[in-house]
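K.L.:
Here are the chains, one letter per residue:
2 protein chains.
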Amino acid sequence: MLILGGAGFIGSNLVKALCVSNDKVKVLNLGPNPLPHHPSLEYIEGSFLDSQILEKALDGVSTVYHLISTTNPSSSNLDPVADIETNLIGLIGLLDLMVRKKIYKIVFISSGGTVYGEPLYVPIDTHHPLKPICSYGVVKVAMENYLYMYSHLYGIKPTIFRVANPYGPGQLPMKGQGVIADFTYKIKTNKTINVWGDGSSIRDYIYIDDLVSLCVKAGIVDIVGTFNVGSGSGTSLMQIISSIESISGLKACVNYMDARKFDVKSVVLDISETKALFSWSTNYDLFKGLKKYYDEIKDEDIIEG
Amino acid sequence: MLILGGAGFIGSNLVKALCVSNDKVKVLNLGPNPLPHHPSLEYIEGSFLDSQILEKALDGVSTVYHLISTTNPSSSNLDPVADIETNLIGLIGLLDLMVRKKIYKIVFISSGGTVYGEPLYVPIDTHHPLKPICSYGVVKVAMENYLYMYSHLYGIKPTIFRVANPYGPGQLPMKGQGVIADFTYKIKTNKTINVWGDGSSIRDYIYIDDLVSLCVKAGIVDIVGTFNVGSGSGTSLMQIISSIESISGLKACVNYMDARKFDVKSVVLDISETKALFSWSTNYDLFKGLKKYYDEIKDEDIIEG
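So the sequence lines, in the order shown, correspond to chains B and Z.
Here our numbering is used: the first residue of the first sequence is 1, the next is one more, and so on.
Here our numbering is used: the first residue of the second sequence is 1, the next is one more, and so on.
Since the hints were derived computationally from the structure, they do not count as laboratory data.
Note that this is a predicted model, so its numbers are computed, not measured.
Incorrect hints may have been included.
A pair holds if it fits inside one copy or across any two, identical chains being indistinguishable in the list.
Once the Cα atoms are required to be at most 25 Å apart in a straight line, the calculated PhoX-like pairs of lysine-lysine come out as [claimed, not checked]:
{"id": "1", "residue 1": "Lys-251", "residue 2": "Lys-291"}
{"id": "2", "residue 1": "Lys-191", "residue 2": "Lys-105"}
{"id": "3", "residue 1": "Lys-131", "residue 2": "Lys-105"}
{"id": "4", "residue 1": "Lys-101", "residue 2": "Lys-291"}
My request is simple: use the sequences and hints to build the entire structure.
P.N.:
This is the structure:
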């Protein structure tokens, strides 16, 4: 199997789990290898937009995990053209190569937080209309649609996970990867937390180990379709802050700012179909996950961040 | 107002209608001006992908009609990257310029025949899931989503028409623009008609004058939203052939070929909301429209085609 973006937050955790039970795990990622050495692991440094490197990376592969995103919801709106050129056109290049090399299975990480837009109801099931209000979400929807088009025309077998807000070790603060990393770091170092809006904004947070266990299953079974991945329950920003305060025994300093136009008020995903079809469930509620994250992050991570 | 693609099939008919009641109609289109001279008409030759030309074309404009597509459903799958680079990235360029120049109103022609994919039910309303199976449809969905994102973030006011299969004068055969032009031309010149599939494939055909009357209304009223535009009833390919035979008194020669994978079996649009909101209705049933088209097309058109 090949993990595109295997050195990122989700990727590095997934690669660790896959190396346990697989003889050969290939990782394609920008920059030198930050992953721990493992006999199963082959690391390829380069861009997945470089078709020669990607073609070589796909040699001997039967399953592709596509975890790369060059943007996040906030940055995507600043330059939608770059978002399209890298993420969307990048996917077409990948799919064309997969078809040519007769590789059909792909696990793709889509976005549970942005593809639905402002929810008409919660929890959101996968039949909810797709009304993204940021480029990140528009492009994820288009990527999903191309995966199904290539499925229909050329037999690609996509498993699409619309993932809510994952958090946990490996998610470094200051990279815009998530509020839990950011809040934890800032509370631990006594820095001011900036909150967009009044703190009532609700999201569905999933501990990285729970997401990884599902991704590992998806590589083993052949289930084509689109699935929500979250905890199934919602938490406000204020609840997160008070939980970290309670775990750390420290007091947060919070600065409330104007809400951003592309942030929706509440996202909670209906994960019942995912649980049933993959015989999967989450092991971490938010407090347990936050505690594990808090205990595991090291001071080096904070300095790196 | 500015009509992007004003010299095309829909565009040339729309421009004629707009010139009747407007002082100034600007047209941006590739190639030299094929439109009849009119004192209200300003013709600009060039590509809408050229931002300098587009910026100049937008001067003094309050409403944009965006009718340009560089692909059709069949050609789009041969090169999805070109489809994305021209149509999708082209739209972002247009929207960014509109925002900068404080132009908010845009009438956009989307695709009633491809955005829904294989219908779950007919007639299809605008709440039907969007499951396109050709790049043309995937890109149209992404374009719609960007229009709404720019509406949400920057106040763009889009009227989106998911148009079924328009036909009528100005639609030249041999350009892949539609089966009615193709069939009429071939029956008239005693050439063999190639039909993909068994001829039972059903589409919703709308006479160009009916589409144009709606587009003219959309320029006058401010109605933001997505609307189906068709006749509201379905016709098979075989029914079209026998209607043209009956109108012309000629016999068709038909060659049935394997169905194409990206063609869906049946598309009939629910247009009730469009009729109610725009106080609009169609004046042509298929037989009346086919007859008018047959009578109006000239031998030159067929030779040009």
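K.L.:
Each hint: holds or not?
P.N.:
Hint check results:
no.	hint	verdict
1	Lys-251 <-> Lys-291	within (16 Å within a copy, 79 Å between copies)
2	Lys-191 <-> Lys-105	neither (45 Å within a copy, 45 Å between copies)
3	Lys-131 <-> Lys-105	between (27 Å within a copy, 20 Å between copies)
4	Lys-101 <-> Lys-291	neither (44 Å within a copy, 51 Å between copies)
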